[in-house]
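Please assemble the complex out of the two chains, which come individually in their own frames, going by the hints.
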Amino acid sequence: MADHTDTDILRLVRIRKAIEETATTRTIVFDDEYSVASMPGQFLMVWIPQIEELPMSIGIESFENLKCAAVTVRKYGLGSTALYHKQVGEHIGIRGPYGNHFSIPENLRNVLLIGGGTGLVPLVRLFSDLVHDRIQTSLIMGARTKEEVIFQHKVQNLLADNKLNNCVAFSTDDGTYGFKGSTVDLAESILASKKFDMMYTCGPELMMKGVQKLGERFSIPVEASLERYMKCAIGICGSCCINDKLVCQDGTIFDSNSLRQLTEFGVSYRDKSGRSSYFISQK
Amino acid sequence: MLNLEIAGISLRNPVILASGFLGISQAIFERVYDEGAGAVVSKSISKYPMEGYRNPTVIVLEGKSYINAVGLSNPGHESFYEEVKTNDKVPLMVSLVGSDPSDFELMARKLDKSRIIGFEINLSCPHVQKLGMEVGDDPQMVKSIVQTTKSNTAKPVFVKVGVGNANLLDISEAAINAGADGITAINTLRAMKISIDNFNPILSNKIGGLSGSSIKPVAVRCVYELSQKFRVPIIGCGGISNWEDAVEFMIAGATSFQVGTAIGFGGMGIFNSINRGIVKYLEKKGYQSVKELIGRSHRY
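So the protein lines, in turn, are chains Y and A.
Residue 1 is where the first sequence starts when you use the numbering used here, and the numbers rise one by one after that.
Residue 1001 is where the second sequence starts when you use the numbering used here, and the numbers rise one by one after that.
Please keep in mind that the hints were generated in silico from the structure rather than gathered at the bench.
Treat the hints with care, as some may be off.
Below, a list of computed lysine-lysine pairs in the DSSO-like style, where the Cα atoms sit at most 27 Å apart [to be verified]:
1) A:K1130 with Y:K272
2) Y:K75 with A:K1206
3) A:K1206 with Y:K86
Nothing here was measured: the structure is a model prediction, and the numbers come from that model.
Bound-form chain A, shown alone (with noise of 0.2 Å):
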């Protein structure tokens, strides 16, 4: 029943964890897909190990929303290579960061070696100098990096994107017509927590990325216009914290969707109560099946 193929790849079901959230190592991997995710993305990968920001890095908002700001702390693609080659059980999506092609060709080459399930290229950090959204703002460098990492893998590469200063559409545009088997959208949005007692912005990088309930109807919005204009599969990926905002973040036209601030709220036992609640909703509403969901909206 929720079973279902995207861009070639077979899943057992839909829920994605989504990068960023407790991947960079393979024991945690495991966990995660043995608590009922149908695959894992890691965190972002760079050509060389990153340690990030200096905490604070994550804060705590009212209202299931977190601004993080954790700088792409990474181990690298060849220490990330050595963790994951071993993996015989995780359907494993790699995120990949970078600032030019080489980077991309450099790591795509060697991470397909191991037994991954295809990549997502991150073109949508809105946090740090350099990488992600200073180079997803850039079609072109967006063109080329896609065309890149296409070059050096027969695995999907998928390209997560977010709302930056370009538009969404035009750079999904342009990762699509490099080759891109499908837009991960989206990624946090540019935000900041300043306090009021002592006016001191919390973070230590000052502006993050805001994640959870408060960027949903972004995000679903951002899924409707993308299902609706690209053949491509889409994985909707913001604030989804229950059965009921997967529902609509397919019905909106995504094929699978990511979940990474929900676990802060409810703890990795989130993946297998979306699907029961998914499970519950297609049977109540006498579907077959998870994919008779998708871009039903687009119908009305």
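Excised from the complex, chain Y in its bound form (with noise of 0.2 Å):
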């Protein structure tokens, strides 16, 4: 693998594969060694010329039986609209691998993975990589409703080749597929009756910290997958700070001593100017 730096720079890539999750979440397939050879939770910064650059977390695909590269992203600002509307060969610019990775410690047995939206991309390949690993594990997905469920076929087929007991549980906030209710709820249903050594979470940031709160309640390791407004992606413009740490170099996953002391994490966060705003707590 080249240097550091070189991942840095700014690389054009065509889109092999454009994959319709749901009526507004796409998977957008590109050729990329080094996103290829990333851990699950580092991210890109994908550049859609002329409108925008955003952090991506890295998902692979395989297209032609080959190990590709990909983001998913639900059209939503200006930038994610127009990376949703990008289609097979035309280009868009990457740059990356950035941040840490989730960890898997050894003599992990049984696991919980609790993701909501898109935050379901990092895992959805962590669960790949700990079926494969032969880890119990147990995976919500949480949508807001139905038709936005996003990678269930992909799960399912995860599932249907290992012999393990690993699972799979929905979660919509209508109750329209699966659990009606927050994948936190779910998973404090689930905690009730089986014991789990980790869990792993990523989505939005309030459901993060419900899973933060049932770790510490349960006594059980969490990593969380923490999202701030992002510009460099290189540790030195400062916007994605939460405390003193640096989401895009010292995260952007952190575990659960690191969170304890993240006294910002679920409660507060910086918009593009450097001015902190509260999250909307819901009790």
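If you want it as structure tokens, here you go:
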């Protein structure tokens, strides 16, 4: 692999495939050896020419029996909508991989993953790795409604391929698919009857805060992938700071000990100007 | 060995975090200080909050250099005052940016009440209209801004100059005559990067400022010329990525120096690593203090 600075330099990649995940979410597949070699939880800065550059979690997809890099985007703002509409054959720019990754400690036996929305990108990658490593894994996949559930087939294929007692559970806010309620509520009910020795989470911050609280209550270590407004991704601009940490360099994954120190986690974030705003707390 | 004084401010060492890097949060300022910086300069603070430009705002080039057009994003002087008002630990200099003297009057008056060591007026941001360099190219405006700022604070006021349309020495002279306590040189140089694959200028603002190793020789020359001409302390800035670069700036005439871009390549450990390198160098040369380096090249 080339040295760190080489992957910091923007490179253009051609889109090989675009997968419709839902009416508003697509996965864009492209070749990039550095991304394929990345670990679950790492991210790319993705340049949509003339529009925006966005941090995106790196997924893996197969194309013509080869492993390819992928990003999954839900159309929302200017940049994500432009990326969503990119077609096969068009080019996007990428730099990275950046950030740390989920850790898999030795002797891990029973793991719970809790993800929501496109936060499932790194968790489904991790799920695949854990299943491959024969670690018993339960995955909670959250969405607002049935139409927004992503990666269902992908996960079911992973389940079909293995013999262990892995499982997947769905939750939707409106109850149109799976458990009605939040992923945290579902996790809580699962934790009441089953023991886990690690939890991993990625998704909306208040959901992750809920998982952290469950981790404290049930004495289970947690790793969470945090998100903050990002510009440089290389630890110089400070936009993505949370307390004294930089999400792009010190994260995006933080463990229970770190999360305990991060008093801004689940409480406040900085906008593009650097002013603090507060998450609207759901009691 | 490393401690020194600059415009009446005592610093434990000469390594200062340059403006524009990491500088909006008190928690990060404290971390940078704990990592070994002698002082830190905030991002440039304006009267009102600024969101800055859309991404891409930072481009990494080969050869330890960047081009950025962040667009002076900052929380505005009132929010920033709230951020740093409890500062009791970090020698913090606040960088100010504005378009006319009344902006500086308002900001200096408010921020003077916080526990900061001084101000650095950004007259040289090369990529935002009506701010920074567009102001800094006008000697009359520079004079007026410096006078206004000085009359609203007793703390030292530095002026950060760049290589723009006006002569750097003329602008510095205007600032010094108006009461500036020192000069920081230099800011980034106007630059751009275009993709040869899809013909697009990459930055959303198209034009940005070049920083890092590729501007170092220009910055060394500017510090040399400034320190030759003026008595006020010069803070060197531009492409310092190791102790050797830092020593070169001090020998050129800088009393202290700022580090920014190198954090992207060396992490925050760069501050201590530069300090350690200077100490070893001083020991090898048989000097007692880093102050003995300042302006030594002018003897030759």
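Between A:K1206 and Y:K86, is the straight-line Cα distance small enough, at 27 Å or below?
-> holds (22 Å)
Holds or violated: are the alpha carbons of A:K1130 and Y:K272 at most 27 Å from each other?
-> Holds, at about 21 Å.
Given the hint that Y:K75 pairs with A:K1206, does the C-alpha gap stay at or below 27 Å?
-> holds (25 Å)
The structure is consistent with each of the numbered hints, conforming to all of them.
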